[in-house]
Amino acid sequence: EAGVAQSPRYKIIEKRQSVAFWCNPISGHATLYWYQQILGQGPKLLIQFQNNGVVDDSQLPKDRFSAERLKGVDSTLKIQPAKLEDSAVYLCASSLDHSPVETQYFGPGTRLLVL
Amino acid sequence: KQEVTQIPAALSVPEGENLVLNCSFTDSAIYNLQWFRQDPGKGLTSLLLIQSSQREQTSGRLNASLDKSSGRSTLYIAASQPGDSATYLCAVYTGTASKLTFGTGTRLQVTL
Numbered sequence: 001e002a003g004v005a006q007s008p009r010y011k012i013i014e015k016r017q018s019v020a021f022w023c024n025p026i027s028g029h030a031t032l033y034w035y036q037q038i039l040g041q042g043p044k045l046l047i048q049f050q051n052n053g054v055v056d057d058s059q060l061p062k063d064r065f066s067a068e069r070l071k072g073v074d075s076t077l078k079i080q081p082a083k084l085e086d087s088a089v090y091l092c093a094s095s096l097d098h099s100p101v102e103t104q105y106f107g108p109g110t111r112l113l114v115l
Numbered sequence: 001k002q003e004v005t006q007i008p009a010a011l012s013v014p015e016g017e018n019l020v021l022n023c024s025f026t027d028s029a030i031y032n033l034q035w036f037r038q039d040p041g042k043g044l045t046s047l048l049l050i051q052s053s054q055r056e057q058t059s060g061r062l063n064a065s066l067d068k069s070s071g072r073s074t075l076y077i078a079a080s081q082p083g084d085s086a087t088y089l090c091a092v093y094t095g096t097a098s099k100l101t102f103g104t105g106t107r108l109q110v111t112l
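Those protein sequences? They're chains L and A, same order as listed. Mapping the first sequence onto my numbering, position 55 (from 1) lands on 55, and the numbers just tick up by one. Mapping the second sequence onto my numbering, position 63 (from 1) lands on 63, and the numbers just tick up by one.
Note that these hints are calculated values from the structure, not bench results. Do not rely on the hints blindly, as some may be mistaken.
Here are the simulated lysine-lysine pairs, DSBU-like style, with alpha carbons at most 30 Å apart [what the hints assert, rightly or not]:
{"hint": "1", "chain 1": "L", "residue 1": "44", "chain 2": "A", "residue 2": "1"}
{"hint": "2", "chain 1": "L", "residue 1": "15", "chain 2": "L", "residue 2": "78"}
{"hint": "3", "chain 1": "L", "residue 1": "62", "chain 2": "A", "residue 2": "1"}
{"hint": "4", "chain 1": "A", "residue 1": "42", "chain 2": "L", "residue 2": "15"}
Full structure from sequences and hints, please.
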């Protein structure tokens with residue numbers, strides 16, 4: 001079974017530029033999550049989708065971050081414009097559904113450096 | 001607001017030692033607690049999941065315990081190996097927030 005795929009793996013941009021990350025979840029998984037992991041910290045949930053609907057985006061900085069999951073499969077996370085403090089690893093995860101008993105499977109992450 | 005703390009932040013042990021990693025959380029109204037492993041440049045891998053009604057879970061050389069009332073969990077690794085070197089993250093699923101809250105992790109190094 002293929003795991004969660006993410007691209008790109010690394011990205012370096014200058015502040016005020018825009019950037020987009022892509023995630024392809026495990027086939028059949030209805031729930032998709034985007035996490036931000038700043039160096040030395042645990043992952044923090046940015047947004048959670050159930051199929052193509054948003055379940056929780058309470059910690060998404062909506063003035064600069066946006067995310068979509070068209071057709072309930074792949075998802076993109078965009079930052080525009082980027083700030084220095086956005087430097088982090090962005091992890092995508094998926095699960096069968098959003099029940100707490102379901103295991104979340106994580107992708108390898110995209111490491112973003114904002115200069 | 002749920003807060004998860006992990007102690008120690010880093011640990012170095014010689015191969016073969018048994019070790020314990022600690023996790024504490026402030027809100028005991030949890031559905032479950034998970035231990036994850038994170039290798040450099042890779043995503044997280046779930047190691048053990050303990051439901052709120054359970055006291056412990058075991059997988060191979062790993063044993064995780066949960067004391068929900070005191071807000072604590074421990075991950076016990078028996079006979080550590082260099083391949084166990086990684087960052088170990090604890091996460092709790094809190095009902096009120098309906099999401100996972102992670103600790104900051106313990107970076108483990110097992111030396112030859």
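Cross-check of the supplied hints:
{"no.": "1", "hint": "L/44 <-> A/1", "result": "13 Å, holds"}
{"no.": "2", "hint": "L/15 <-> L/78", "result": "14 Å, holds"}
{"no.": "3", "hint": "L/62 <-> A/1", "result": "21 Å, holds"}
{"no.": "4", "hint": "A/42 <-> L/15", "result": "25 Å, holds"}
Consistency with the previously given hints is maintained throughout, with no hint failing.
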